[in-house]
Each structure stands twice: as C-alpha cells, then as structure tokens.
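**Q** Residue numbers (this note's numbering), protein chains in the order written: chain A, 33 to 813; chain B, 1331 to 1617.
Because the hints were derived from the structure by calculation, they are not lab data.
Below, in silico cross-link-like pairs of lysine-lysine (BS3-like), each with a Cα-Cα straight-line distance of 30 Å or less: (1) A/Lys624 <-> B/Lys1412; (2) B/Lys1416 <-> A/Lys645; (3) A/Lys220 <-> A/Lys207.
Since this is a predicted model, take the numbers as computed values, not measurements.
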Amino acid sequence: MAAAAAGRGPGSGPGDSPEGPEAEAPERRRKAHGMLKLYYGLSEVEAAGRPAGPDPLDPIDLNGAHFDPEVYLDKLRRECPLAQLMDSETDMVRQIRALDSDMQTLVYENYNKFISATDTIRKMKNDFRKMEDEMDRLATNMAVITDFSARISATLQDRHERITKLAGVHALLRKLQFLFELPSRLTKCVELGAYGQAVRYQGRARAVLQQYQHLPSFRAIQDDCQVITARLAQQLRQRFREGGSGAPEQAECVELLLALGEPAEELCEEFLAHGRGRLEEELRSLEAELGPSPPAPDVLEFTDRGGSGFVGGLCQVAAAYQELFAAQGPAGAEKLAAFARELGSRYFALVERRLAQEQGGSDNSLLVRALDRFHRRLRAPGALLAAAGLAEAATGIVERVARERLGQHLQGLQSAFLGCLTDVRQALAAPRVAGKEGPGLAELLANVASSTLSHIKASLASVHLFTAKEVSFSNKPYFRGEFCSQGVRESLIVGFIRSMCQTAQNFCDSPGEKGGATPPALLLLLSRLCLDYETATISYILTLTDEQFLVQDQFPVTPVSTLCAEARETARRLLTHYVKVQGLVISQMLRKSVETRDWLSTLEPRNVRAVMKRVVEDTTAIDVQVGLLYEEGVRKAQSSDSSKRTFSVYSSSRQQGRYAPSYTPSAPMDTNLLSNIQKLFSERIDVFSPVEFNKVSVLTGIIKISLKTLLECVRLRTFGRFGLQQVQVDCHFLQLYLWRFVADEELVHLLLDEVVASAALRCPDPVPMEPSVVEVICERG
Amino acid sequence: MPAELEPGGHESPEDAASPAHALELLCHLGPAAHGSTACVAWEPAGDGKRVISLADNHILLWDLQESSSQAVLASSASLEGKGQLKFTTGRWSPHHNCTQVATANDTAVRGWDTRTMSQIYCIESAHGQLVRDLDFNPNKQYYLASCGDDCRVKFWDTRNVTEPIKTLEEHSHWVWSVRYNHSHDQLVLTGSSDSRVILSNMVSISSEPFGHLVDDDDLSDQEERRPEEKSQEPPQDSVIATYEEHEDSVYAVDWSSADPWLFASLSYDGRLVINRVPRALKYHILL
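Isolated chain A, as found in the complex (with noise of 0.2 Å):
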C-alpha cells in the first residue's frame, strides 16, 4: 500500500483530488475495501452514503462497479488531445503496476493463513468419512435389538397377563378373608384391649361391607362386626366414664368412639361433663382450703394449687376438646367457651375469696407475687380460650384487688395519720404536768411530718410492687395508665392529702363547746403541718409519685396548685380556730371577771386585778407558744419606735382628754359626740377576722377578741367611782404589757380607750383617777 501511495504521489491525473496527498490516503484505503466487498459480493450500497465518493454507476470511472472501458476510451479519445492522451496511458500503465505489487504484497502477506486453512479441511474430510462408518455400524445393531426386543414380548405376552390376573384374585382373596376373620379378630382385639387395632380395622372394613351388604354372607360378616362393634363402644365408653384414667387416655377413648362413628354431640357433652367432674373436684379442694378455720397455707401457695391443679386442669380440657372436636366448628367451640367460663367463674369466686382474706394482710409482696402467678397461669387458657374471656376476667380480679390494696393503704396512712395525732395529743397532755411544754411542739410537728412522709413513702414502695417489669400484669393498660394516675396518685396521695386536711378540718367544725375537747396546740401545730405541706411537702410527694409511677396523661389529674389552695385554706381555718379558741379562753376570764364583781361598792384601786395580770401572762404564754412554730411577723412601722413609756403618757393624755367633759352637766352628750367624732376616723375592727401565717396577726387577733369581749362586759354593768377607777387602771395596765404583741398598737389603746369611755358612760359619778397615779398602781403592780 506505501508503495502504491508512494508510486501515485509525484502523478497529477484527472482522478487525483485537489487537496493533496495527506486527504488523499483515505480515500484509497477506501477505495481499496471497496474492491474487498465487491469481490466477496458485498452491496457497495452501503458505503453509497459517503458524500465525496463519484457515482458508482458512472462508467467511467475507473474504480467503479460498471466501469466500461470502451466508453472510458471513446470518452477519453473524443475529449482529449494527444499529449493528454499519452499521459493518461502512461498514467494507467503506472497504476496498474501499483496494483500488481499490491496484489502481490497481499497474497504474502496472507499465504500462511491460506495455507493452514487448507489442512484443517483436509483433516475434517478424513474425519468424517470414519464417523459414517460407525453409524452405519449403529444402525445396524439397533435393528438387531429392536428385532429381539419384538420376539422377547411376543413370548412373554401370555404369562403376564394370567399372572396380573393372579394378583388381582390374591388380593381380593386376602381381603375376603379379612372381612370373613374380622369378627373374629375384633373379638380378639376387644378380649386383649387393644381397641385402637379394633377400631382400625372396622374402620377398613366398614366401607365394603356397606357396599356388598346385599349378598348374605357379607351381610352376616357386617351383623357380627355391628354387634362386635356395639360391644367395643360399650366398652370404650365404660372405660371413658370410669374415668380412673388420666386425661389422655380420656381423650383416646373419646377419638376412638369418634372414629367409631359415635354422635359428636353427645360425646362433647360428656367429655366436657368428665373434664367438670375432675375440675370440681379440684375446685373443692380449694374450696376446703379456705374453709371456715383460718387459712393454713399462705395466698401463693393458694393460687399455685389453683394454678397448676384447676387451671392445669383446665388446659388440658381445652386442649384435648379442641384438637378432638375441631370439626364440630363454632357451636362446639362455644360449648367449651360456656363450659371454661362457668368453672372459671367458679375458681373466681374461690380466688377472690381468698383474696379478700387476704385484704387484712400487709404484705404487699406476697401478694403481688401470688397475683402475678395467677395471672400468669391464665393467660394459657386464655389464648386457649379467647371466647371465654378468662385472661380478661384474671386481670379485671387482679385489679379489683389492686384497688382494694390502694383503698387499703389509704386507710393505712389515715389511721397513721390519726395514730400521730393521738401521740401528740398525749405528748401535749403529758409535758404541761412537768412544766416544760415549751421546746416540744417543734419537735412534735418535726415528728408528725417526718413519720406521716415516711408512711407515705412505705406505701408507695409497696404500691409499686404491681407495676414491677417483671410481674406479667404490670403492662397491661390498667397498670400503665389508670392504676398510676387515678389509683395512686389521685385516690392514694391525693385523697391522703385531702383526708389529711379534713381530719384536720373537722378540728374547727366540732362546734365550741365541745372544741375544748382539743387542745389549742394541737390546732396550732395541724395549722403549721398544713402550711409546710402547701410550701413544700404537697409538691414534693406529688413529684415523687409522679416519678415513680410515670403517670401518663391521658387522665386529669388534681394539679398540685389546688392541693396547696386546699391546703392553705385549712391551714388558715385551723389557725383562725386557734385563735378564737384562745380568745375565748382569755374573753371567758375577762367576762367572769367583770360579771362576777360588784362593781358599785368596790374600794378604791390599790393594785391591779389579778385576773388582769393573769391575762397578760397567758397571753405571754401564747405568744411563746406561736413563736415556736410561726414567724414573728410584721408589724406597723409606728410601733417600733414607740417605748413603753411614751406610750403610756401618750394613752393617759388621751383618756383625760377623753373623759374629762363628763364633769361638765351635759357630760353624755358630748362624750357621745367625741367617741363618734373618733370613731369617724378610726376604722372599724373585724373582732373574728380572717388571720396570717405569722406570730403577731395571731395574737393581735387573740387581744382583739379579748379587749371587745371586756368592752361588751363592762357597758353591761354599773360602776361606782372607785369602779369606774379600777377599770381605768386595770385597761392601763393592760396597755402596757399588750401594745407589743399586736401588729398595730393603735388598736389595743382604740379599745381600751373605749372600753374606759363605756364604764364611765355607765358611772354616775365619774370621778377618774390621776393619771400619775394609775402609772404609780400600774408600775407597782
């Protein structure tokens, strides 16, 4: 090809392109594959497309397909002059030449190929011509076979057949003679109790002999089996209803009859009468454990004999019914629904008997553990079963006792919480005989919070028992959901909360006369328990419920704010409560104070009535008393920078002031108009008014009782001068010692000034003392 290329390069004929030589070896390369495919007869079509190619049926074209050279030459002899002519000779001679060594270079270039492939086919050749021999050798030995094979069958035709005939009679002969020697063999199966045989071979029997009883002695054969058969049902059903046998050997009698074509109907029936029989008699067992005498073994051992010995039992029934009578479809499955619900409402009833009994015990663990086995052994029959609800009936007793257990530990923590109070009602008794009450009510109130938290806490422990992981009711939706919220939380804690504050309630309900019964400590001290429960212990329980039980949300529940507003309300009735019964203890000895004396024919004041100072004492008492469990307390800004002794020259000033236009003959009248004119500016005091948690709203409402009750004593009677005198002393002394238990003094002088101011309103001679003089008494006393 180079050298073609080579050869073609210094030429310029008319079939060289323009472009020069680089576009030209394409082309003839082209050229060149196009001679390949024309010689092995390949389409020159489809190389037609390319753009540069001439028309392949140009006839003179040199390369083409329909090259003529006669119209070449015409063409070339008409169109071109000698000169071109000659060159186009020389041209062609050149090319052909070209073409000579290029078909040279190829066939060398290829020879061995050429020459290889020519071996191979002559090694085929030889090949195949011994291949045909061996066929022909084949064919000719199957003929040979096929040949024998013929003859071999035609020979042995005959004896085939008679010996299929043979077998057949054999077999019908073997069968004949089963059914002549059934009777007997059933006999003897029945003699040796192997019934299962027995019925097999009736069963084998059965059809032909309904098929052939037409012939006589087929019609014998079947009588005998019948009666034989009579016989073996007989036996099997005294075997079944003997019922010495275990539960399997029940449930063979029982698929044998059915094999025996027995009524299905009838068979439940009394295969479920048996299984009764055995559970009922399980069931009395039971029963006589719990027996009118104590009960011996403990609730778990209980509930496993129930476990394994009915509800086993049970299971082995259901089982053996349902595998036996599948066939008998939903009516017969129903028959077992009824017949497992109505012993399991039987063993119900035992169980929660039993339950019940247990009710008074505090062992929440045994219980648990012991419920936890009786529900996990129902839950077998239970998937058994579904249609006797016994897996739902199991967890609705578990949680009815669940309930119980709660409504139980409620009542627990009340009568502990009761329980405590009693200790303090004792402790509050006891200590004032020795004379050192004092430091006690703190510990005291330390005492009854800490142990009422700590039964509380106990109770929530063993509450907790019945949703553990491990216990196989724990997850169902009453455990997860409704147990925690509403039972433990709501009606345990909740309603022990609320208890709480009832019990302490009914403290100030109890109506006064017989509200002396409580000890006015006692009522101080629930006060502040209510209190610390608002601020702190209420949250803090709820919190630790709320932990330990996850409560869900998806019941409402009492929000902690309610509990606390509860809380606090009977904190403060209890505390208002206090305080009127101390007021009234203190009002009770003003009253008899003033109703007793007479007060016209009194001396003149020496010293302050004793019944005054005892006052003030008792009043110091409770003020001690309060300090120990309530904070002091604010008090109005005035007070603090007023000493004992302003105060008193302050008050006295006053009452002069007060009563002094009495001398003057229309003395009513204008003491009238000043106590009114006073009183315009003065606001008016709720003598039993709503109190604060703190020490001197306490008292100031305990002094308030006590001056109006003195003030409502003294405008019931009459004085004398000497009266009207000892008054005034016994109202300053009282300034002096009571100004600093209130929160605003102005209060106290407001109604001891007042009360002054009515005695000597009811005085007809209203002569008061010197002030210096009462101060004297006063100080001296």
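Take the given structure of chain A and dock chain B to it, following the hints.
**A** Just chain B, lined up with the frame of chain A:
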C-alpha cells in the same frame, strides 16, 4: 331589786299616737324576792293579761287583773342545776294558743309550757357561747331563731333539738338581736356588736318558699307552669344587705309593726337607723 314595769311600748297603738300622753305606773310585778329581772314578755295574743318575767333562775307568770292595776303571780318555775343558772332572755311563742315560752340561759335554749310551767324541750349548747336573743317564726309553728356570742344565728325546729336546721355565720362579733319579719318570715334581721345589721333571706326555711306562691291546682296550664318552674330554681338563702351605718355595737333590731318592709336598729352610741327592705326584693316577694 323589784322589777319595775316599763309600759308604753306594750300599750295599744292609739295611745302611742298621742305624744302628750304621760306614762303612769300601773302596777308592780311582784313583791318578788327572785333576784334581778332579765326579761319581761307579754302574751303576744289573747286579752293581754298575762306577762312572763325572768328573774335569775326563775320563770314567773303574772296575771294582770281586770284593770291591769294589780299583778298576781299565777305560777312559777325555777331552773335547778349546777352553778348559778341565770335566764338571759325569753320569748313567748305566738303559736299553740300562746302556751309556750322559750328561754335562754347561758348556752341553752329551753321551752316551757305555761299551763303546767314545765319544761317541754331543751336545746343544750344551742350556741358555743352565751345565747343573746330568740325569736319565733310568726308563721311557722316550732320554728325558732337564736343568736349568741359565737357570732352565729341558728334556726331550730323545736321538735328536733339535736341539730339546727340552718346556721348563719355572717357577723364578726356577738349577735345581740334576731328578728323575723312579721309577715314575710323569710326576712330575718340580725344586729351585732360588730356594728353591722344584716338582712338575710332565708327562703329555704320560710313558710312561703318560692314556687308555693301559686297553688298546685292552678298549674294545670302548661304555659303557666314553665315560668313557675324556672323561678323555683333559685330559692337560695342569701344575705340581702349588710347595713354599716352604725359606728358602735348594735344592740337591738326590730321590724315595724305597721309597715312590713320597714325596720329599725339601735346602737350603743344612741344612733337609731331606719331602713327599708330593698325595693327589688320587695317586689320579688310580692309578685
């Protein structure tokens, strides 16, 4: 000290109409050596000849003679018991032909039959503290109101003395006086030493509760029945009004005997306040 009769208030209204009429002493009750008299009560009906007086622990029934010029001790009884028992107040029941009297001593309320002068009932510890006043329901037999130092007003059925029917606790100090309205006994007036007068509407225990105003026979008409049933819903006892005009303890309250909607209260400072039942309530009761 012999008890002195203070007539005037008990005279006929015609006499009171003439202001110039001077008071004159008609007679003395007694020469009784029974101690100080706490209370005198006229027979509320009848010919006005009988008077009860309570002196210390004695209850004395006086018979004023024809001319009211002489009082004869008709019968008497006395209270025996531990300590010094003293009657504080008494009230004559307008029912039972005026044969019953209720008295209060300390925390107890006792009923007496004037014919035999014997005790017929006793409400021990009717109040936590001293009982200050009593009043009988004028329209309903056996119903009695009491008030006392425990700031409460209690309503009793004297046939069952173990429990009060109703208890009010509106005052903040001793309740000194309690009065039923003479004609509309759901209106109860109380005065207290907390300087307040409270008018309460005790519908639930009155003789004319809501819904009974129309006879049952008239209720055959459905249209009429419906509004009636609606009005039956709110028979709730309630405080109608609290009057705070007084500056000092109120010791007495009473209803006008002429106008059932008028009442007066008297306080320590000598102030007499006259008030009317609120108009709305009045129409509510009347219509």
